Amino acid sequence: MYELKAVEKKFPGVHALKSVDFSISRGEIVGLVGENGAGKSTLMKVIYGAYQPDGGEMLIDGKPVRFGGPRDAMERGIGMVFQEQSLITNLSVMENIFLGYEDQFSRFGVVNWKAMAKAARKQLAKVKLDIDPRTITSSLSFAQRQLVELAKVLTLEERVQGHLVVLLDEPTSVLAEEEVKLLFKLVRELTTRASFIFVSHRMDEVMELSDRIYVMKDGQVVDVVSRGAATPEAIQHKMVGRHVDKEYYREQRQKPYDATRPLVELSGVDLPGRVHDISLTLHAGEVLCLVGTEGSGREAILRTIYGMRTPTKGTLKIKGETVSRLTARGAVERGVGYVPRERKIEGIVAGMNVYENMTLSQMPHYARMGWLDVADERALARKWIGKLAIKASSEYADCGNLSGGNQQKVVLAKWRSGGSDIMLLDHPTRGLDIGAKEDVYDMIREMCDDGVGVVLVADTLEEAIGLSHTIVVIKDGEIQKRFDCVPGSKPTLYDLLHYMI
Amino acid sequence: MDIQRLKPHFPWITLLVLVTIVGIADPSFLKPANLLSLAGDIVPLFIMALGLTFAIYIGGIDLSAQSMANMITVVASVYLAPLGIWVAGLCILAGFTLGTLSGYLTTRMYVPSFISTLAVGGICFSVAQWLSGNRALNMDATQRNETFGWMIGRTGVVPHELFIAIGLLAICLLIERRTVLGRALKAVGAGELAAAASGLNVARYKILAFAISGGLAAVAGLLFSVKLSGGAPTIANGFLLPAIVAVLVGGTPLTGGVGGVLNTAIGTLIVAVIRASMLYFGIAATQQQMVFGLVLIAAIALTIDRSKLRTVK
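Chains as they are written, first to last, in our numbering: chain V, 42 to 542; chain H, 306 to 618.
No lab work stands behind these hints: they were computed from the structure. Computed from a predicted model, the values in this text were never measured in an experiment. Be a bit skeptical, because a hint or two may be false.
[To be verified] So the derived label-pair ranges between C-beta atoms look like this:
1) Gly141(V) x Val416(H): 53 to 61 Å
2) Lys51(V) x His465(H): 33 to 41 Å
3) Gly371(V) x Met414(H): 17 to 25 Å
4) Val416(H) x Thr176(V): 30 to 38 Å
5) Gly389(H) x Gly371(V): 42 to 50 Å
6) Gly371(V) x Trp317(H): 43 to 51 Å
7) Val416(H) x Lys51(V): 54 to 62 Å
8) Phe468(H) x Gly411(V): 20 to 28 Å
9) Ser530(V) x Met414(H): 49 to 57 Å
10) Val416(H) x Ser308(V): 49 to 57 Å
11) Thr351(V) x Thr591(H): 55 to 63 Å
12) Ala475(H) x Gly371(V): 34 to 42 Å
13) Val416(H) x Thr351(V): 19 to 27 Å
14) Gln592(H) x Gly411(V): 42 to 50 Å
Even for Gly, the Cβ is constructed at its ideal location relative to N, Cα and C.
If we strip away everything but chain H, and leave its shape as in the complex, we get (with noise of 0.2 Å):
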């Protein structure tokens, strides 16, 4: 068999044969409510990796992510009282506009995206601290449960959030297979200089990219601070690398232009699995990431298209 042909086919091969050894060595882990509920923890992370997908699709990279959903954990603390439900607009504009900075500083002032969105979490990171004077602020919580009750309740044994990701992910699904901005995209990501010489306005939509991914990711962290009812600058450290993973194990690999938030379903998924499978196993949250970092590298190694690539600096 091969091997190119079964390429696209290992991240759902992959899901399939963690879930397996997880289920061997603990049969209770595959019982639905379990794997529900495991399903509905990750849904943050997954908004997050959805966001990130469309950065990686066109080749580039969000790095701001993580800082972006700790911002809006703080910004939606602090604002839900005054705001009520107006909140939600003002967290999903604020990470569309950050985004969009990114995207400007990448393609106006050609300051490489895994910089330019480094320096824009930095900028996120830092507003964090000052309007939260640094320290863990919590929602009211009768106001979060009136408000933002709904996001995270439970429909028999089903999470809410797992509606809202299968919402989004339908969203994303469609913008990427059946719009233009979808196809242009795509067209950036496998051959931006194709894609520029047929015409294609290519900075408009590297910047759009960047500012789903940026709208996403505040998403991820208005989910997120409603879910623990409050938020802190650094309460949402430690997802980015596990968000990565998930896009670049679901297939979309680092140069762009293939894969797709179908596959970074399927690689939040293997995320999750690997997650819950340091558990059973017994390893640290300490150690968490070290595993991530780890999977990153293999998963770089494994997905990255080197005809691509003329050289690596």
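So here's chain V without its partners, still in its complex pose (with noise of 0.2 Å):
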């Protein structure tokens, strides 16, 4: 019914979608799965009309079709329910259902509340949830919202016609079990009346739910897999390429940890908002690895480390020193280096070269007096260009033109050429290619050796596991278990998932 014939999407430096042919037909589900990177939210962006396709073509019932923007693909009965939701929190839960299609409830410019909340009671029977519409939507749980965004998507049924195609972006990532048993049951129900593509990190869920999966990687479909057809294991091996082995996550090279000179030792810290008394240490040479759900609040014990956030209780020692109002220099200058998430927003200065960059946290280094000396700034980029085989045409090349991988090792060259110790890596291979990922492993491991303690959150939890010491589970913003990772009786990843969820 609707269906994608050799679609390709380039963006500058990257071939995101590589002729990639898909379908779905009336009433199924087909799931979506593939690395970080491998093209899946490009392709659903596609799917839905916020980008689109550079070649190939759309048909939806054998016919060919374009769209300018979401709202084309929505007139022929496309949605989207956000990951990141999309509702605006402070409305009511109706005029987000009805948001930018008030018109028919409205008589020169005056909306008929009445009518509204009687069409979007409507709309919320059908994805079973009973609530007042004129609630505001701030006032919902994570998993009622949900629901509301799917309302809202399913609003279509009645404005177009034709069969509708919904898609759901990693719906369960923030949702209990018992909340994502009712979600399955409610999408299945649907089938009536949509189609479903479902995009998910979690495995056993997209094979439960999928009629098909699509298994991407590195731009491409490399199978489809009909339910059933294959294990969980075999369809891991084709996101990736080959085996997750130990080869690929050098543990190997995992050697252990210096037990005797703590770097970083967190003791009954709270922290503003859910974080509760989390104790840790992290010692010369260790892998940390912080494993939990989006918002368990892992990104602010690694931002309280370096100074970013300030505990409410508990106390702080980095090296021996308890330290009660730490900044952000204050950590630099204590050797803590932070490899922030968003890479491009806070990792590295666009519009600034690679040896403006790399010199930004330790100008103090490379200055007299405030003076800078820009000759050895130079010899600096240049040295590390070398060492960590930067792809950049030169030390004047600007950051924001590289590619994500040599933008990555541009940062971790500015905290390792300044001698720090300490390292806060958050996603660190997030977006990368599996060549720039296994560059990334090297060199913590390499960071290790040298004595260096690492705080990791990562990717994915096969990377959590493959690269770390020790790894600490932590859910609803508290600790829940503490794993040591010998290699060669490292948890599964059902055991974290356990304590995870």
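Both chains are sitting in their own frames, so use the hints and assemble them into the complex.
This is how it looks when you write it as structure tokens:
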């Protein structure tokens, strides 16, 4: 019913979709899996009209179509339930449901709220949500908002001729198990009205819900698996393109850490919000991985060690010294380096060149009385461009124009060249291709050999398990469990998931 | 030719084109003596624009610059007699302090800079009215010539203001290109969050940018009052718009991070040529701000980096 043929999408420096074929028929639930950066989001954006493909064609009921934007797609019955929820929290549920389509309830610009409430109730009944449509959205639970979002997309049913296609982007990532079951039940019931495209990181869920699964890797569909035709391991293998083996995460290079040299000690730390009673110790040469769902408090803990957040309770020791009023500047002076998740926003300064980025955190080392020694800076940049094989035309290249992997290398070089020996890595491999990921893994092992302690928030659970000496599982801002990860007896995915959700 | 690669060269190309057009319309415009005196006349405006560049470079704005200059003309006129040459110190200190206040309000109280500087500008204006008794003041001509006469004389055909302008430009250029401060300001303008995540004390650098802006607005005011041998609370009105135009047509966008003080020098020359050409083409003084308003809108539309803006309010 809906079909993509040989669809192409290119961005500067990235070939995001390579001749992708995709189809979904009436009432079908199709799963879409792939690693981060495999092209899932790009494909979704093409489907719901946010991106225009550079090549290939899009067919609905065999007829070619072209979308100028999401609204065009919606007119043809294609709607998206967003992962980062798209509801406006200070509006009521019904205003959100009919946002942009209030005309049907208004006369001379005045909205008939009663009629809207009645229509909204009808939509909410479709998703079995029994709430007053006048409720302000911010007072709903996350799961309820997700259902409102779904109800909003289902309004297309009345507006559009023909069958619907609904995209669900990571709908379960923050739901409790019960809520996931309810959602799946609902989705199955709704297949009389719509087809679903389901994107999730959780292989078990994708396999449970989907009739067919598209496996993506490096911008291509590498396989289409029918229900029950493959094991989770086999699909995983296709996603990564090889066995997720010890070699990949450099486990053979994992050496025991130095338990006599604690670098960072948190004891009983509370943060504003819900992070509560965090105690952990990072040692020299250790990779300590914080594992948990989105919003569990991992990033807040990293930022506390970096002095960007202040504990309300508890103590923070860096290299044995208790610090009470830590600032980012103070953390940097104590040897802490921070590789943020949002590389393009917090990691590098686009518009500044390689040497300017590398010395940004350590300008005092390259300046006398406030005057910069640019020749010194450039020498440093050239050295690290060579050392890390950074692909940049020269130290004058604008970091904004480098590829993701090379940007990440610049960020890592910034801290390593300044002698940071406590590294906080937040999703350091996010959006990198496999080669660049392996470079980062190598660098993490090299840092450990040099006695650096690393606190890691990994992109995937496999990565967390593969890289770490120690895993600390966090849920709702509290530590649930600590695992020792000695090569050969590492915890499994399922061990971790059990404590995460 | 790629428009993006051409973009950094727009300012000086514009300048050249304008000079050529006016030169063809009126060949006497191109006489060196005329050009030099034109450049000399624009110096107070240039110094103000130079300061504004720092505020705009970090992605902020300083709307207090004009009121600051107004106030300083009054301060200079009132305190020249008792303080002599030290009045210059007082003026610069006042500008720097009030700039610091704007910066403090912006960074610590989270008041957007266009409001905080507008408010501080209001304070300056009021101080000027109060201090002057709301009338025009005159400096004692002999004392002015003894103390500050060196600022406004001529060596041959070259007005002394030009030396001051070039000196300040050189200092600012060195700060921008060769100091930790300049690098930090660039980082704050181009990627404030990344600068903060690199451990820079972003708030301090932003405060400094506003302080420099205030300090240079004060220098502009001082020079202006010396030129006119007096001061009044509204004497520098009509400076703000052309000064902002100078920064923006020079190529420092409102979003900050690119451009810089050298760009502002070119931008100021463009403003000078536009001003002179309005005389040649018979546009009345009362209509000049209209032209600057239009040029400002065009300059913003052309230079602003839309990828940095998520919403505009």
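Indicate whether the distance between the beta carbons of Val416(H) and Thr351(V) respects the range 19 to 27 Å. The hinted range 19 to 27 Å holds for Val416(H) and Thr351(V), with Cβ atoms some 23 Å apart.
Range agreement (Cβ of Thr176(V) with Cβ of Val416(H), hint 30 to 38 Å): Check passed, 34 Å falls within 30 to 38 Å.
For the range 43 to 51 Å, tell me whether the beta carbons of Gly371(V) and Trp317(H) fit it or not. holds (44 Å)
Taking the CB of Val416(H) and the CB of Ser308(V), does the distance hold inside 49 to 57 Å? violated (38 Å)
Verify the CB-CB distance for Ala475(H) and Gly371(V) against the hinted window 34 to 42 Å. At 35 Å between Cβs, range holds.
With 42 to 50 Å as the target window, see if Gln592(H) and Gly411(V) comply at their CB atoms. Distance hint for Gln592(H), Gly411(V) holds at roughly 46 Å.
For the pair Lys51(V) and His465(H), does the Cβ-Cβ distance stay inside 33 to 41 Å? violated (58 Å)
If you check the beta carbons of Val416(H) and Lys51(V), does the distance land in 54 to 62 Å? violated (44 Å)
Honestly, do Ser530(V) and Met414(H) meet the 49 to 57 Å range at C-beta? holds (55 Å)
Cβ-Cβ distance between Gly141(V) and Val416(H): within 53 to 61 Å? Since the Cβ atoms of Gly141(V) and Val416(H) sit about 34 Å apart, the hinted range of 53 to 61 Å is violated.
At the C-beta level, are Phe468(H) and Gly411(V) separated by a distance inside 20 to 28 Å? holds (25 Å)
Could you see if the CB distance from Gly389(H) to Gly371(V) stays within 42 to 50 Å? Cβ of Gly389(H) to Cβ of Gly371(V): about 45 Å, so the range 42 to 50 Å holds.
Of the numbered hints given earlier, the model fails hints 1, 2, 7 and 10; all others are met.
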